[in-house]
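Residue numbers (full-length UniProt numbering), protein chains in the order written: chain A, 1 to 321; chain B, 1 to 510.
Misleading hints may appear alongside valid ones.
[Stated by the list, open to error] From chain A, some residues computed to sit far from chain B (all C-beta separations above 10 Å):
1) VAL29
2) LEU92
3) ILE96
4) VAL129
5) ASP143
6) ILE173
7) PHE192
8) GLN204
9) VAL205
10) GLY210
11) ILE211
12) VAL294
13) ALA310
[Stated by the list, open to error] Residues from chain B that face chain A, not an exhaustive set, calculated with beta carbons under 7 Å:
14) GLN332
15) LEU335
16) HIS355
17) THR364
Because the hints were derived from the structure by calculation, they are not lab data.
Note that CB positions come from ideal geometry on N, CA and C, so glycine has one too.
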Amino acid sequence: MTATPMKRSAVRLLIDNKAFLALVLLVVVSAAMSDNFLTGDNLLNVLRQTSINAIIAMGVTFVILTAGIDLSVGAVLALSGAFAASMTASGLAPWISVPGSIAAGAAMGMVSGLFVAFGRIQAFVVTLVAMTVVRGATLVYTDGRPISIGGGDVADAFWQLGGGYWMGIPIPIYLMFFVFVLCWAVLHHTRFGRHVYAVGGNEQVARLSGINVNRIKVSVYAIAGACAALAGVVLTARLGSAQPTAGMTYELDAIAAVVIGGTSLMGGRGRIFGTLVGALVIGVLNNALNILGVSSYFQMIAKGAVILLAVLIDSRSQSSS
Amino acid sequence: MSSSDNAIEAALPRMALQGIGKSFGAVTVLQDVDLDLYAGHVLALAGENGAGKSTLMKVLSGVHQADAGAIRLHGQEVRFTTPRQAMDAGIAIIHQELNLVPTLSAGENIFLGREPLTAWGSVDWRRLFREAAALLEELEQPIDPRAPVSQLSIGQQQMVEIARALSLDAEIIVMDEPTDALTDIETAVLERVVATLRAAGKSLVLITHRLAEIFRMCDDVAVLRDGRLVHQGPTAESNEDRLIQQMVGRELADRYPYEPPQAGDVVLEVEHLVAPGVEDVSFTARAGEVLGFGGLMGAGRTEMCRALCGDVARRAGRVKVKGREVRFTSPQQGLKAGLVYVPEDRKQSGLVLEHSVADNMSLTALPAFCGPLGVIRHGRETSAIDHYIEAFRIKLSDAGQPVKTLSGGNQQKVSLAKALMPEPEIVILDEPTRGVDVGAKREIYLLINRLKREGKCVLLISSEMPELIGLSDRILVLANGHISGEFDRDEATQEKIMTAAAHVATSMET
Chain A
1 MTATPMKRSA VRLLIDNKAF LALVLLVVVS AAMSDNFLTG DNLLNVLRQT
51 SINAIIAMGV TFVILTAGID LSVGAVLALS GAFAASMTAS GLAPWISVPG
101 SIAAGAAMGM VSGLFVAFGR IQAFVVTLVA MTVVRGATLV YTDGRPISIG
151 GGDVADAFWQ LGGGYWMGIP IPIYLMFFVF VLCWAVLHHT RFGRHVYAVG
201 GNEQVARLSG INVNRIKVSV YAIAGACAAL AGVVLTARLG SAQPTAGMTY
251 ELDAIAAVVI GGTSLMGGRG RIFGTLVGAL VIGVLNNALN ILGVSSYFQM
301 IAKGAVILLA VLIDSRSQSS S
Chain B
1 MSSSDNAIEA ALPRMALQGI GKSFGAVTVL QDVDLDLYAG HVLALAGENG
51 AGKSTLMKVL SGVHQADAGA IRLHGQEVRF TTPRQAMDAG IAIIHQELNL
101 VPTLSAGENI FLGREPLTAW GSVDWRRLFR EAAALLEELE QPIDPRAPVS
151 QLSIGQQQMV EIARALSLDA EIIVMDEPTD ALTDIETAVL ERVVATLRAA
201 GKSLVLITHR LAEIFRMCDD VAVLRDGRLV HQGPTAESNE DRLIQQMVGR
251 ELADRYPYEP PQAGDVVLEV EHLVAPGVED VSFTARAGEV LGFGGLMGAG
301 RTEMCRALCG DVARRAGRVK VKGREVRFTS PQQGLKAGLV YVPEDRKQSG
351 LVLEHSVADN MSLTALPAFC GPLGVIRHGR ETSAIDHYIE AFRIKLSDAG
401 QPVKTLSGGN QQKVSLAKAL MPEPEIVILD EPTRGVDVGA KREIYLLINR
451 LKREGKCVLL ISSEMPELIG LSDRILVLAN GHISGEFDRD EATQEKIMTA
501 AAHVATSMET
């Protein structure tokens with residue numbers, strides 16, 4: 001159980017993970033087409049731009065692994081970001097405002113989860129409602145205007161989370177990798193993670209195996225909410241203010257990243273690494289098309305094509321196996 | 001056609017498979033298989049799981065193409081490259097997992113894709129339902145062709161499939177494990193339909209693990225072992241023991257290896273249990289004994305299990321585990337108290353088929369392998385999994401392979417290992433040998449004996465009466481949610497159990 005699994009996993013990474021292969025291809029093609037792509041600055045730029053979507057998508061991965069869906073993450077991002085901005089503006093230090101916003105996001109997710117688990121309403125419907133309600137609440141809370149994080153030491157410290165650097169690398173990139181390692185550890189090395197897969201694989205089996213299915217369901221929506229809130233913090237910090245319309249359609253990019261990463265919408269199958277790669281595919285694609293001067297209208301079409309292609313390849317390899 | 005032509009026609013096989021060979025990669029699945037199907041004959045295809053029965057039928061029906069050999073239909077060599085071609089040539093397969101659209105009506109399913117049209121090009125519903133009704137009538141089935149398939153029982157759904165085969169003018173009808181999910185009454189109905197089809201000159205192939213059915217329903221039996229045909233001949237010249245020997249390639253000394261009980265303390269007491277499908281059930285069970293539960297399907301046995309393990313809430317009655325009264329509201333609580341339920345339907349409720357053998361096996365016992373914060377200790381987990389794979393003799397290439405790639409018998413062993421890994425004291429086994437071949441069945445019997453030796457209390461639900469009688473220390477019979485009979489091992493006979501099972505129960509106190 002030492003050398004062979006390692007070697008095999010390296011090969012499998014390439015064969016199994018079409019998203020990873022796509023990412024490598026995309027990077028090679030982008031580098032060939034533009035000299036400006038493969039520069040240190042630009043790569044850090046891509047990673048930083050990707051970090052927000054990646055953080056949201058990793059949370060959404062938990063939900064999708066249980067065969068659920070979360071459409072509310074964009075709205076949760078906006079409201080949590082607004083909370084963070086007003087807390088910062090009122091002088092609360094990041095070590096209060098950040099956990100506070102994340103807790104708020106988790107609570108919003110949890111409410112959705114409660115309706116999905118105990119109310120037995122389809123996740124699509126519950127989170128569609130949550131998306132509308134939370135977005136409305138954001139507009140009410142912000143009165144439709146941006147909330148500035150204000151000035152001073154506290155605001156500067158908060159701003160670091162989005163705009164700061166450590167050892168030449170933007171802070172959001174560290175946060176993205178921190179979330180990745182945490183999610184990976186939880187999914188693959190804890191009982192909870194195994195239970196998430198089991199609930200998505202077959203709820204009835206999970207239940208008869210002594211798993212508290214409702215608790216797992218509530219938890220995954222809370223996790224998605226917490227991740228969305230962290231992304232909201234990063235976005236708010238970077239902009240120096242919370243926008244009431246922040247995060248519109250971010251849920252779609254997050255779901256796209258999860259799907260490109262090979263996680264099945266039917267639940268029970270997928271990996272957090274895939275989601276990270278999926279988010280990078282979207283990020284690199286956007287960046288490359290920008291550098292090449294392709295209009296943002298065409299970028300949307302290109303993104304759609306890539307998602308379709310990824311899912312097509314994935315479903316074919318699934319049916320052939 | 002003259003009468004002498006008819007006689008020749010009857011004497012020649014309608015379809016002949018000659019020297020069929022098939023390999024998948026390096027694995028040879030079929031080798032030099034000859035098989036003759038005659039008009040008006042029912043052929044049983046027997047063999048252990050993995051013997052090549054399904055592959056042979058897939059070759060027959062155009063899903064797979066043979067690497068070697070020939071298929072002759074009415075003496076003409078044919079080559080099917082798609083299932084459609086086989087269908088057009090009059091070959092219909094009724095799979096174990098039925099191929100019906102549940103939301104559509106029986107009639108629509110029968111004519112799916114071939115709906116009769118009016119002159120305007122719209123579906124001629126009146127004709128469709130009229131013809132569907134005629135087909136169902138031919139089978140003597142009181143099924144409303146307008147009823148959605150989802151509202152029909154499994155047995156009735158099967159009849160809809162057979163009606164579809166008839167609508168295609170199929171001459172050769174293959175049924176894969178047709179009685180596996182049927183109640184005894186539905187099985188009797190199916191037997192009548194098989195007889196009708198046989199009388200109408202159809203050729204039928206029946207794949208089944210139930211040996212008694214082979215002798216009841218079939219004219220000939222063919223036995224496959226390791227991809228080779230080891231026997232084909234009239235059932236009248238064979239018997240169950242000989243068939244088993246042919247299937248496993250050796251003699252099984254003792255089909256039901258019984259061991260006397262180690263009767264210990266009473267660990268389970270059930271008093272006047274009432275739950276959905278359970279009217280009034282009382283019994284006690286001891287450590288180190290196998291308590292068998294007989295009865296017809298729908299008698300309330302599975303419902304009783306679900307109520308005992310906490311999957312459904314009970315409405316009334318008392319349950320004591322090791323002297324302490326319990327009220328489980330989830331299987332999780334049942335497990336904590338040392339009671340585990342191994343469901344009958346391993347594909348729906350027993351295993352996550354897409355997940356690996358390892359992930360399935362350790363799922364129930366996972367808390368035992370976890371440290372603080374629920375972090376899994378992979379070393380402990382792996383060694384437990386390896387231990388059970390060896391102890392249960394589960395045949396696999398890699399514990400990481402999806403459980404759906406295992407044979408039925410090995411899947412069932414994984415399901416058992418999963419349930420037994422947390423070391424429960426009370427084990428409820430619901431039809432543990434359903435869809436499992438004879439070799440694996442015996443291994444499961446030995447396992448049950450081992451549980452008994454280890455002082456566990458085993459509740460065994462089985463619809464196969466010889467198995468129930470062969471393994472249980474005591475047998476309770478359920479009918480309509482009541483206990484309608486109780487027999488000690490010595491006094492139990494199939495007749496007594498059947499009588500009690502068919503008994504439209506007035507509740508009996510035990």
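Hints broken by the structure, by number, lowest first?
7, 8, 9, 10, 11
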